[in-house]
Amino acid sequence: MIRFEELTATAGAVTLLDRLSLTIAAGPPTVVIGPNGAGKTTLLRIAMGLLQPTSGRIVRAGDPRRAIVFQRPTMLRRTTAANVRYASFGADRTRELLALVGLEHAADRAARRLSSGEQQRLALARALAREPAILFLDEPTASLDPASTKAMEDVIRTVSQRGIKVVMSTHDLGEARRLAGEVVLLHRGRLVEAAAAACFFDAPGTAEARKFIAGELLV
Amino acid sequence: MPENLSALDLVLTGDPALFAIVRLALIVSLSAVLLAALVGVPLGAAIALSSFRGRDAVIVFLNAMMGLPPVVIGLMVYLALSRSGPLGSWGLLFTPQAMVIAQTILVTPIIAALARQTIEDLWLEYRDELTAMEVGPLRRLATLVWDARFSLITALLAGFGRAAAEVGAVIIVGGNIEGFTRTMTTAIALETSKGNLPLAIGLGLVLIAIVLAVNALAWALRRAAERLAG
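Same order as they appear, the protein sequences are chains A and B.
So in the numbering used here the end of the first sequence lands on 219, straight run, no missing numbers.
So in the numbering used here the end of the second sequence lands on 1230, straight run, no missing numbers.
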């Protein structure tokens, strides 16, 4: 679906991504993991077209429609329903999408007055209104309580089962185990390992992956 | 004190001369704010969303224009509308229309500069989301103006405050003609100079009451709207 070839991104003297090559194919969720500063957000922003790489190439087969949920999504100063309606591509699926994320009761409330968990689910509904083939989620549960995290993960599973390719970043290994079909480990802007989830967690192929799983790869 | 009581009497009894002045002043100031908003908000939004060489200089110029002395504006409009001026054939000098033109020129930079700042701040907040949604330039502009509408009320209020309070421009281009171009501020200046303090104080009370009422209404509107739309 999308292939990164020798992708490098820099900001001043700092290298955010270092000659990263990776192919993301259709199928179950791809979960990008790594410690803080590994380059997860940079990779997703480049994949979305929000950031230009310094060098390298991105090949998108058929230019699939993309959408993203940011770690701290911005709610438009409108109601919950109006936020989804604003992003709608084609037919208005506002009611269906609000039901999917469990927010039909809050349709007429000001979006900015929702809780963090509700705002995150609204951002997901809004992204789905774009009818994407690939959905990028940047640490979608990073600031959520356990109940909100579970609600978010349930929706992500449903979305994935409906055939939308989910590519999400997280630094939560538990979440990666629960959701990932494929795991991509980044460290200091480099691709360390990309493997099927079961394979990655049962038999990590690199010392860095073993250290990360053991909680010893902090930065 | 007796003067204050007389002033209050004029207000409470609905003195026709006083309310004719109030009516004209409101028509002139509100028309100027409306016209300035039609120009200033899109202009501010366009500057907020565009990048071009000299943008910083334009912003500095716009901000500086907020402090334009009303008498200078009055003089410029007077020269333009006077019989020998480029727009002299319009025959607008010493008419309420001339006063609206002068106040519009005075208020437009205030609304444009405040709108530019408000919309630019909101754009920084919305940029990633709207870019990710592939929102085009025109829809982006409309979205930002619409979502900033409650903050933009503050810009309109600042413009109205400036228009309602100024005396220099309207007295030059309006001429302070009784029953035709006499507004609250020009009448206050004239009546004070004549020693007719009850009317001057009465007009002052009305002017303060109007400014308070407009601000209270805008505040209530903003609070109610924020509850509904965030």
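FYI, nobody ran anything at the bench for these hints, they're computed from the structure.
Even glycine gets a Cβ: it sits at the ideal position worked out from N, Cα and C.
There could be a bad hint or two in this list.
[Unchecked claim] Simulated restraints, written as ranges between beta carbons of each label pair: (1) A:Ser88 to B:Asp1121: 23 to 31 Å; (2) B:Asn1063 to A:Thr54: 30 to 38 Å; (3) B:Asp1121 to A:Pro64: 53 to 61 Å; (4) B:Asp1121 to A:Thr158: 31 to 39 Å; (5) B:Leu1049 to A:Gly163: 35 to 43 Å; (6) A:Pro64 to B:Phe1052: 33 to 41 Å; (7) A:Glu5 to B:Glu1134: 54 to 62 Å.
Evaluated hints:
As the Cβ distance of A:Ser88 to B:Asp1121 is approximately 27 Å, the hint placing it in 23 to 31 Å holds. Separation of B:Asn1063 from A:Thr54 is about 36 Å and conforms to the stated range, judged on CB atoms against 30 to 38 Å. The beta-carbon spacing between B:Asp1121 and A:Pro64, approximately 34 Å, falls outside the hinted interval of 53 to 61 Å. For the pair B:Asp1121 and A:Thr158, the beta carbons lie near 37 Å from each other, so the given range of 31 to 39 Å is met.
Range check, B:Leu1049 to A:Gly163: Cβ separation about 37 Å, and the 35 to 43 Å hint holds. The hint said 33 to 41 Å for the Cβ distance between A:Pro64 and B:Phe1052, and at roughly 34 Å that hint holds. Our hint of 54 to 62 Å for A:Glu5 and B:Glu1134 is violated, since their Cβ atoms are close to 24 Å apart.
When each numbered hint is compared with the structure, violations occur for hints 3, 7.
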